[in-house]
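Okay, here's what each chain looks like letter by letter:
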Amino acid sequence: MADFWKRFSRNRGAVIGLAILAIVVLVAILAPLLFPQSPWRMVQRPFLPPFAMDQYPLGTDALGRNVISGLAYGAQVSLLVGLVSTVAALLIGIPIGALAGYFGGWADDALMRFTEFFQTVPSFALAIVLVAIFEPSIQSIIAAIAIVSWPPVARLVRGEVLSLRSREYVEAAILSGQTSLTIILRQVLPNTISPIIVLASLMVATAILLESSLSFLGLGDPNLMSWGYMIGAARTVIRQAWWLSFFPGVAILLTVLALNLIGEGLNDALNPRLARRGK
Amino acid sequence: MKDPVLSIKNLKIALPEGADRDFAVDDVTYDLFPGEILCIVGESGSGKSMSANAAMGLLPDLVRPVGGEIIFDGTDVLKLSEAEMMDLRGKKIAMIFQEPMSALNPLMRVEDQIAEVFEAHGLLTPKERAARAIELLTEVGIPDPQKAARAYPFQLSGGQRQRVMIAMALALEPRILIADEPTTALDVTTQAQILELIRNLQEKHGMAVMFITHDFGVVAEIADRVAVMQYGKIVEAGTADEVLDNPQHEYTQKLIAAIPKLAAEETEAPVGKTPILEVEGLNKTYVTGGGLFFSKPRVVHAVNDVNLTLCEGETLGIVGESGSGKSSVGRCLVRLMQPDSGTVKLAGHDMAQLSGDALREARKSIQMIFQDPYASLNPRSKVGRIIAEGPMAHGVSKQEAYARAVKLLELVDLDALAIDRYPHEFSGGQRQRIGIARALALEPRVIIADEAVSALDVSIQAQVLDLLADLKERLNLALIFITHDLRVAAQICDRIAVMQKGKVVEMGPAHAIFNNPQSDYTRTLIEAIPGREKELAAAG
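Heads up: the sequence lines are chains A and B, in that order. Quick note, our numbering runs 1234 ahead of the 1-based positions in the first sequence. Quick note, our numbering runs 3 ahead of the 1-based positions in the second sequence.
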């Protein structure tokens, strides 16, 4: 573990990313304490510019709602959607990839054609359709994002399993009489964990972007303040009130950037042999 | 005496922190004279390749020279800039590597790769380069050089690829050729040819050759002088005859003693013993290629009508070169591979016909030891788990399985505390012992060892072979020992089956195979064993 941390921290970008993400997580957790009032509540005159009043450092929006409070509650939504939808996508993708890679033959063909079916449909369009059908709510958004983002997981796991299946320790496990299920769970999958973790960290970032895009289009959960919704609502007044779309935009940028940096750091730390050479 | 072309003085190369020792090469001094072949011998991790890599400027990133000098042509190579090094490499010092497949660019034709050497140094016109490539290929004895020049590396055999590498190294008539284990990946017969080629070219061009190897047989074939390395130090140096016939240092003596002797002892024929495994008419073919319309599928008869019997307590060797089908036989026996036809009778059951639970049950009595001690243990499981998994899969309780694992570890001379450690904490030889313990966990009656000692250093190899022989005796096991190394086969096997192109060409008691081989192929194989002539001469 100490060794892992040493390699991770050698990538300075990754440490910065981790720091940014830590701040975002902290803000999301502390949101109800920092801003006890609902982010939907009107607190001041509309279009209060940032830094005009100490109480509302980032100003207010077209309806006089506190922008900074919206950002804090939006962090909750973004992180929740990012994490849960990634976990859900892993739960679909890993079993499909593992079965296809391990059994090969017709099982592989069937499962991979099924995966390709989802891959060939443009993922954002499919997500819009799914959310529109199921009525926008946090559950349906998470489900839609998970459904459009599992195919890369399945393909990655299949590739890893294909190469691990012919390893000698897997053959030894077959000879020792272990069942296919035990072999997949105990011998094969634990050895695919590193690339999955790296991919997952990047998937959280993509999921946050997808959620923001959906909310921007007005397909977000109407009861939850989210960054995408804030930008979407501000787009008509972008010339009078730049800060309304600017600050949520920066929040999305920083969070996604942080996750990408962390993903790269994890990649260096988990695959030390592939790590870029130190200059 | 002539002046040395390369002279290494008090070279020290530091390893990164946390390595098993501070210096990869510690205060090493030696000279390479023109027109001689100097062999640097050592086991893995002895630092034998490091001084050569330093001379070529090819050290890994975190490894750097910290003292001493490498004098070539009056200048210290270690102080040269990268641009000056580029001029030196290839032109004055050339190198060939162990694995020609990975040293050649798979997407480039052979002639282009040779021409590239000239191009890199800005020599000759493209037309002259192509002509020179053909000349070089002719010189290294590739059949049909015109055709080979147009071939891609994957279309050539291993030996031919190594010849291409040698042609590239010779292209600019270097004064020094560094050969880093150039024959380790090759079959014995090919190895003998390549060694002869290197010897001839060296004499013809008057080059100095630095030959790095772990194999004393190869040393006996080719070396003028020898330097033996251990833990980064040269422990003994001298002429080949001095070192091989009269080793002074304890380590050299130990290494030479560990080489399996070629003579097989006469053993009692297993009369009256019951056969435990009977293989009849085993066949396996691979079909590759065969597009929809154009190409004909390529059919390889990997196992062609093989018949074998194995008696209780007997060791049967299956020897052959790569591609002879020896591993396929082993895999068909345990059904890691489905044979096309034939019967494999193991204590009454036909292994070839079983499936599902019956197969799992039958496999308990036939287990396998694998070649690669690094790939055969799951890196994410603790050793105890690795050994206990088999019995647990057959319904033994966890407690009992772990208790048995401890006993097995003691049986293979490992500490019982090993059960709580991960495989990467062990050396190659220890890992192979863990692999043996795992194979024994199900109390099998037959063990198949597929190149089980090929990846190990000679001294470790000797220990593992002793362990196997001892266990066989104590547990009354029957052993099928698959190997490409005839020396190893001579040491451990009672009977030997020689395989070529999927067929058993000769089978008989070990001493008869070695002393009086019947088939031409066996004779060629035995004659190609490196160091054999020297051993015969020594035996008188």
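Misleading hints may appear alongside valid ones.
[Claimed, not checked] Derived CB-CB ranges, DEER-like:
#	chain 1	residue 1	chain 2	residue 2	range
1	B	N286	A	T1354	39 to 47 Å
2	A	L1491	B	E428	46 to 54 Å
3	A	A1359	B	N286	25 to 33 Å
4	B	Q149	A	L1491	53 to 61 Å
5	A	E1369	B	P19	32 to 40 Å
6	B	P19	A	V1321	35 to 43 Å
7	A	F1352	B	Q402	55 to 63 Å
8	B	K264	A	S1243	51 to 59 Å
9	A	V1249	B	K207	42 to 50 Å
[To be verified] Below, computed lysine to aspartate or glutamate pairings styled on DMTMM-like, alpha-carbon distance capped at 20 Å:
#	chain 1	residue 1	chain 2	residue 2
10	B	K264	B	D488
11	B	K475	B	D416
12	B	K264	B	D460
13	B	K367	B	E315
14	B	K15	B	E39
15	B	K367	A	E1402
16	B	K385	A	D1502
17	A	K1240	B	E315
18	B	K348	B	D416
19	B	K385	A	E1402
20	B	K410	B	D488
21	A	K1240	A	E1402
22	B	K94	B	D79
23	A	K1240	B	D460
[Stated by the list, open to error] Just a sample of chain A residues kept apart from chain B, beta carbon distances all over 10 Å, derived:
#	residue
24	A1359
25	E1405
26	A1407
By construction, these hints were calculated from the structure, which means they are not laboratory data. All figures in this text were calculated on a predicted structure; none of them were measured in a lab. Glycine included, every Cβ here is placed at the ideal spot set by N, Cα and C.
Looking back at the numbered hints, which does the structure fail to meet, lowest number first? 2, 3, 5, 7, 9, 14, 16, 17, 18, 20, 21, 23, 25 and 26
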